[in-house]
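First to last, the protein sequences are chains A and B. Just so you know, we're using full-length UniProt numbering here: the first sequence kicks off at 1 and counts up by one. Just so you know, we're using full-length UniProt numbering here: the second sequence kicks off at 1 and counts up by one.
Derived from the structure by calculation, the hints contain no laboratory data. There could be a bad hint or two in this list.
Not the full set, but computed from the structure, chain B residues with beta-carbon under 10 angstroms of chain A [what the hints assert, rightly or not]:
{"id": "1", "residue": "250"}
{"id": "2", "residue": "252"}
{"id": "3", "residue": "254"}
{"id": "4", "residue": "428"}
{"id": "5", "residue": "431"}
{"id": "6", "residue": "435"}
{"id": "7", "residue": "439"}
{"id": "8", "residue": "449"}
{"id": "9", "residue": "705"}
{"id": "10", "residue": "745"}
{"id": "11", "residue": "778"}
{"id": "12", "residue": "886"}
{"id": "13", "residue": "891"}
{"id": "14", "residue": "893"}
The following label-pair restraints were derived from C-beta to C-beta distances [what the hints assert, rightly or not]:
{"id": "15", "chain 1": "B", "residue 1": "699", "chain 2": "A", "residue 2": "39", "range": "56 to 66 angstroms"}
{"id": "16", "chain 1": "A", "residue 1": "78", "chain 2": "B", "residue 2": "834", "range": "35 to 45 angstroms"}
{"id": "17", "chain 1": "A", "residue 1": "15", "chain 2": "B", "residue 2": "498", "range": "23 to 33 angstroms"}
{"id": "18", "chain 1": "B", "residue 1": "512", "chain 2": "A", "residue 2": "78", "range": "31 to 41 angstroms"}
{"id": "19", "chain 1": "A", "residue 1": "15", "chain 2": "B", "residue 2": "544", "range": "29 to 39 angstroms"}
{"id": "20", "chain 1": "B", "residue 1": "834", "chain 2": "A", "residue 2": "39", "range": "33 to 43 angstroms"}
{"id": "21", "chain 1": "A", "residue 1": "78", "chain 2": "B", "residue 2": "579", "range": "25 to 35 angstroms"}
{"id": "22", "chain 1": "A", "residue 1": "15", "chain 2": "B", "residue 2": "160", "range": "30 to 40 angstroms"}
{"id": "23", "chain 1": "A", "residue 1": "89", "chain 2": "B", "residue 2": "158", "range": "50 to 60 angstroms"}
{"id": "24", "chain 1": "B", "residue 1": "868", "chain 2": "A", "residue 2": "78", "range": "42 to 52 angstroms"}
{"id": "25", "chain 1": "A", "residue 1": "35", "chain 2": "B", "residue 2": "158", "range": "50 to 60 angstroms"}
Cβ atoms here follow ideal geometry from the backbone N, Cα and C, with glycine treated the same way.
Here is what each chain is made of, one letter per residue.
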Amino acid sequence: MLLIHCPYCDDTLPELEFSYAGEAHIARPADPSKLSDEEWRDFLFIRTNVKGVHAERWRHINGCGRFFNALRDTVSDRFLTTYKAGEARPDTTTLEAAE
Amino acid sequence: MTDFRVKGRGRVNTDKPIKFTFDDQTFQGFEGDTVASALLANGVHLMGRSFKYHRPRGVVTASSEEPNALIGTTRGKGRFEPNTRATIQEIYPGLKTESQNKWPSLKFDLGAINDRLYMLFSAGFYYKTFMWPRSFWDSVYEPIIRKAAGLGKAPTEVDPDIYASRYMHCDVLVVGSGPSGIAAALTAGRAGSKVVLVDENSEMGGTILSEPSVSIDGQSAWDWLEGAMAELDRMPNVRRMTRTTAMGYYHQNMIGLVQKLTDHMGDVPDGAPRERMWRVRAKEVVLAQGAIERPMVFDGNDTPGVMMAGAAQTFLNRFGVLVGKKPVVLTSHDSAWYSAFDMADAGASVVAIVDTRNELPKALQNAAKARGIKTYLGYTATGTKGRLRVSALRVNPVRNGKVGAGHMLFCDAVLVCGGWTPSLHLFSHTKGSLDWDADAKVYLPGHKTEDVHIAGAGRGLWGIAAALDDGTKAGMDAVKSLGGKAGSATYEVAEDRTGTGITQKELPTDRNPGKAKAFVDFQNDVTAKDIRLAVREGMKSIEHVKRYTTNGMATDQGKLSNMNGLTIASDALGKEAPKVGLTTFRPPYTPTTFGAFAGYHKGTHFEVTRCTPIDSWAEENGAEFEPVALWRRAWYFPKAGEDMHKAVARECKATRESLGIFDASTLGKIEVSGPDATEFMNRMYTNPWTKLGVGRARYGLLLGEDGFIRDDGVIGRMRHDLFHVTTTTGGAARVLNMMEDYIQTEWPDLKVWLTSTTEEWATIALNGPNARKVLEPFVEGADISAEAFPHMSVRECTVAGFPSRLFRISFTGELGFEINVPARHGRALWEKLWEVGKKYDICPYGTETMHVLRAEKGFIIVGQDTDGTVTPLDAGIGWAIGKMKSDFVGKRSLDRPDIVAPNRKQLVGLLTEDPKTVLVEGAQIVDNPNQPKPMKMIGHVTSSYWSESLGRSIAMAVVEGGFDRMDDTLHIPAENGAIVKAKVTGTVFYDPAGDRLKVE
Ligand SMILES: [Zn+2]
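Just chain A, with the same shape it has in the complex (with noise of 0.2 angstroms):
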C-alpha cells in the first residue's frame, strides 16, 4: 500500500485515503463547439500511457476531498512528487536526481 502525499493536507497517508482520477493536465476545451472531431477524439478518448514518470490526478476523497496532481513512476510505482491542481508539472529531471 502506498503513502501518499497530500499537498492541501500537507501530510502523507495511506493510499486507502485517495482515489486515482486519471491522467493530469488534460483541460477541458473552453468551448468544445470549436473543436473537430479528432480533437475531441483526443480530448476524450488519447491518453500517454507512459511508461515511467506518469502526470496523474489523485482525489483525498477520504480526507479533504481535493483533487490534486502527482508524478509517479509506472515502472517503480514509486511517487516522485505531488502538486495541487492549476500548477504547473514540475521538472522531473531534477526530481530523478534527488531520488
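With chain A fixed as given, assemble chain B with the ligand onto it according to the hints.
Frame of chain A; chain B with the ligand shown alone:
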C-alpha cells in the same frame, strides 16, 4: 513400533506426552513436536503421495518450505484444512491429521498408475496429450484432469473461525530470528528503536536451535539464546512475535504478517481468533531469513527416507529425533558433514558420507574418520532401492568425467545437501535486483528499492559468527538510517561450523538418464528430464521453462526447486544462469488462509449495509429486502401466502386505485448552493436551469463528456442560489465526485458549494389518486391544492409539524408527492401517514412495485435501461436537452460521428405476442429466428415485468434502429430452443396522455 527419540536431545518437553492421529492411527509425541517430528520419532517417513504421479513421498525438510509432507488437519466442525505442512503444524491432544492424494490408502494407491504412464505426463503434457481428438476434451480428458487435479481436498463447510486484523508501526522490523536477526534486534533495541522481531516458527533461534554444540560468548548456544531472548523481552521498545510469517513485502515498507494464534492449541479459548493479519509499516526492515537447503537431483531422490541433511540435524537437535539409524549422507556442501557427525554422536550408525567433490578440508575428513564414518569423495548417486522407504543408495565414482561402476550402500535414510540458496523471496517482492555470484553460483541481493537491510545467510554468509556480525551491522545501519547511532557488539563464537560447497545440475549417471526419475520439483512432480525436454522443444527463458514444465509453480513457489531447475536449464541451453533468467517470487511467502486476508470482512461485515430511517418499520411489517448499492431496501411486503408475484400485483393495484406509500430515502441528494449555482447546473446537466422558477422542479439528466447517460433525478429550485438535486440511489457518490471534479479543477472560478445530504433527509413517496387527501391535513405553510401546487413543484413547509421539503412529483404516473423530512423524523412521519391512510387502504410498496409502476410509464432506470453506451437520443429523452445551450458536459459528443450514425441501439417497448409471457431481462433479441447460429443479435431486453394494471407483460429493450422498427415483430430465443415473438412499441404503456396526474 520402533522409537527414534534420543534421550537428552532436543527441546521437546518429554514430561508432556501428547496423543494425536494420522490416518486414523494414534501416535504419541511430546509437547513441542510438529506432526513431522512426532511421526519421524515413530519411524514414519511416508507422509503423502505426490500430485501428478501419486508417488509415495516422505518429509524432506523441517521447515515451512516443505513440499511433500502436506496433510489435512481437522480441528472440529468446519475446521478442516488441506495442505497443512506437517513440519509446521504443532501437535496437541486430540489433533486429527490425514495424508493426501491417495486412494484407497497411503501405502497402496491406484492413482500411482500415472507413475507407469509417465511418458504421457512429461513436460507440456497439458498442451500435447490432451489436444486431440477435440471431442475427447469435454467427455474424457477434462473430467479426469479435474478429478486428479488439486492438492488435497477442499473443505466443504463454512469456516467458523474468527480472523483478526491490525495495523502496526515500528522503527525496525526484523524478519527471521536466527543469529543475524537476533543480533540486529539487539543492536537496534539497545539503541532505543521501536523494534519488532518476527519468526514463523513456534520458537525463536533459527539455526541456533539446530546447533547446540556451538558456543557464543563462553556460553552454550542455547544458554546464549535464552539470555538474548530475556534481554529483548526486558526492553519495552522491543516486541517479539513467534508463529508469525512475513508473507508479503509491499510498497514503502509495508509488510504483511500472519500470526497463527490457536492452531497449536487443543483447547481454544472461546472467541479467540485463529490468525491475525498485521499490516506493519516499518521505517526500516531487516531481512534475516537465512538460506534454504537445496536437494540433489538423481534417480529416486524422492523415495521416502531421502531428505535434507540440515533437516535431519534439526529433527535431531531441536526435536530429539533420529530420522534414521543407518543414514547415508550425500552432499556437495560441508554443512551435511556436521549433520552426519551429530547423528553419529547421537548413536546412529552413519553408513557413509558421499561427497561429489574430490577435495575436502582435512579437518572434516579426520572428524569423519574419528567417528568411523566411511567417506566416498568424487562420487555420484545413481539410484535408490525401496518403494515406501529407502533401503539403499547406489553410488559410483566419477573419474575424469566418467561414471564408474556402481555399488549399493544399504541404509534407512539418505541425507542430502546440494548447497544453500539465500532466502530472498521477500526482497524479491520489493523488485530489488538479484545479482548472480558466479563463484558461489547463487543470486545475492543487489539494488534495493526500499529501506531494507539483508543480513546473514541471505547475503551468502555462512556460520554463526558471520551471521551475528552481519546482523549487528544491519541493526546499526538501520538505526543510522533512522538518524540515530547504535553501539557495536562483538560475539566470541567457538566451535562454529563454517563451510563451503558447490552446486550442480542433476548428478551424472552410468544408466540411461532418459529413464531416471530424478526430481527437481517434488510438489509438482517435475524431473530433470522434463526441463531438458522443455529446452529441446524451444523454451529459451526460465519463465517459459517454468510454465511448460510447471517447475516452481506449486504452493512452495519453488523454494527447493528453482535453483536446481535453473542450473539444469542453463546447462541444457549452454548459457550462464543469469542469461537464462530467474522467475519472480510473489506474495505470499508461504500459503496463507483466505481467512487471514478477509479478517473481519465477512458476513454482515463484508460491506456496510446502509439502512433508511424507515427500514425498521419495513422489517416489523414483514418486508422482503433486496440490496441496492450498499443499501438494504424493502423489496415487497408479502401478506400471508403471497409470493412476490402476487404481492407485487396487489401493491401495484392498490397504488393505482387508491394510495401507496414508498420509502424513497435512499435517493441520492446533493445541495448545490452559491451565487453561481445556476451557472454550474447549466454546465453540468443537459437541461436549462436559468428560467426554472423558485419552487419549481425539473427532471435533470447528467452525461459524461462522452455523451453517454451517467445519472438522472428530479431537481428542485429552493432559492435562486440553491438547488435540491436528487440522484439515483447507486449514483450519489459518483455524481458528487464528478461535480467536485469540475468545480475544483475545471471551473475553480465558480462560486458554488456542494453538500451531500442523502442521509440528512428521509424521503417518503405518497402515490395514488388519494395521496393529496391524506397529505393535505398534515401540511402547514404551503397550499398543496392542484392549482397552487402543480406537478413538478417544491415547497418548504412543515408536514405533521416536521420541517419539510415537499415535492409534487411522480415516478408512478399517479398523483404523487415526495416528502423530505429530517432523517430522525422519518419513521414518525411514516407512521402518521400510515394511520391516516388506512381509511384509503394505504398500501406500503417496495422497490419491485416501484419498478413495475415506472416501467408502465416508460420511465428509465439509469444502469438498467442504460449501460454506459446510451445517449439521451438513444433513450428517447432528447427532450431533456436544452437546445439553446451552447455547452454542457457531454454536449460536444452528441455530434460525434458514431453518436449520430444510423442504426444505433435505441430504447423501445416490447409487447410479447402471448401476453402471459414475461421476457427474461438481459435476453438477446434477433431479427430472423431461422438464421444459422451464431445468430446476429440486435439488442437485448433491459426491463421486463408483469403489469397487473394492463393485464399483460411489458418490456423495454435496446434494439438496433429501434425507433424505425415500430410494429415490427422481433424474436427472442429463450430456454429450451423456444422463440418468443414480440412487437416493437413505444415505451409508455400506461396512461400515455398523463391524465392520471391531474387528480383534483
Ligand atoms: Zn488532503
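Comparing the hints with the structure gives:
Nearest Cβ of chain A to the Cβ of residue 250 of chain B: about 6 angstroms, under the 10 angstroms cut. The hint holds. Evaluation of the residue 252 of chain B hint against chain A yields a held restraint, the C-beta minimum of about 5 angstroms falling below 10 angstroms. At its closest, the beta carbon of residue 254 of chain B sits 5 angstroms from a beta carbon of chain A; the interface hint therefore holds under the 10 angstroms criterion. Against a cut-off of 10 angstroms between C-beta atoms, the interface hint on residue 428 of chain B is violated, since the closest Cβ of chain A lies about 15 angstroms away.
Interface hint status for residue 431 of chain B: upheld, as the beta-carbon distance to the closest one in chain A is roughly 7 angstroms, under 10 angstroms. For the restraint placing residue 435 of chain B at the interface with chain A, the shortest Cβ-Cβ distance is roughly 18 angstroms, beyond the 10 angstroms limit, so the hint is violated. Violation of the interface hint for residue 439 of chain B is found here, the shortest Cβ-Cβ separation to chain A being roughly 30 angstroms, above the 10 angstroms cut-off. For residue 449 of chain B, the shortest C-beta to C-beta distance to chain A is roughly 7 angstroms, which falls under 10 angstroms, so the interface hint holds.
For the restraint placing residue 705 of chain B at the interface with chain A, the shortest Cβ-Cβ distance is roughly 6 angstroms, inside the 10 angstroms limit, so the hint holds. Evaluation of the residue 745 of chain B hint against chain A yields a held restraint, the C-beta minimum of about 5 angstroms falling below 10 angstroms. With a cut of 10 angstroms, the hint placing residue 778 of chain B at the interface with chain A is violated, because the nearest CB-to-CB distance is about 38 angstroms. Taking 10 angstroms as the C-beta contact cut-off toward chain A, the hint placing residue 886 of chain B at the interface holds, the least distance being around 7 angstroms.
At its closest, the beta carbon of residue 891 of chain B sits 7 angstroms from a beta carbon of chain A; the interface hint therefore holds under the 10 angstroms criterion. The beta carbon of residue 893 of chain B comes within 7 angstroms of a beta carbon in chain A, closer than 10 angstroms, and the hint placing it at the interface holds. Look at residue 699 of chain B against residue 39 of chain A: about 32 angstroms separates their beta carbons, and that is not inside 56 to 66 angstroms. A hinted range of 35 to 45 angstroms is violated for the C-beta pair residue 78 of chain A and residue 834 of chain B, which are about 59 angstroms apart.
For residue 15 of chain A and residue 498 of chain B, the Cβ-Cβ distance of about 45 angstroms falls outside the hinted range of 23 to 33 angstroms, so the restraint is violated. The given range of 31 to 41 angstroms is broken by residue 512 of chain B and residue 78 of chain A, whose C-beta atoms sit roughly 53 angstroms from each other. Take residue 15 of chain A and residue 544 of chain B: their Cβ atoms lie about 34 angstroms apart, and the range 29 to 39 angstroms holds. One distance hint, 33 to 43 angstroms for the beta-carbon pair residue 834 of chain B and residue 39 of chain A, is violated here, with the actual separation near 58 angstroms.
Between residue 78 of chain A and residue 579 of chain B the Cβ separation comes to about 29 angstroms, which falls inside the hinted range of 25 to 35 angstroms. At roughly 32 angstroms, the beta-carbon separation of residue 15 of chain A and residue 160 of chain B lies within the given 30 to 40 angstroms, and the hint holds. Checked against the hint of 50 to 60 angstroms, the pair residue 89 of chain A and residue 158 of chain B passes, with Cβ atoms roughly 52 angstroms apart. The supplied range of 42 to 52 angstroms is broken by residue 868 of chain B and residue 78 of chain A, whose beta-carbon atoms lie about 33 angstroms from each other.
Hint check: residue 35 of chain A to residue 158 of chain B, Cβ distance near 57 angstroms, so the stated range 50 to 60 angstroms holds.
The structure does not agree with the numbered hints 4, 6, 7, 11, 15, 16, 17, 18, 20 and 24 stated previously, though it agrees with the rest.
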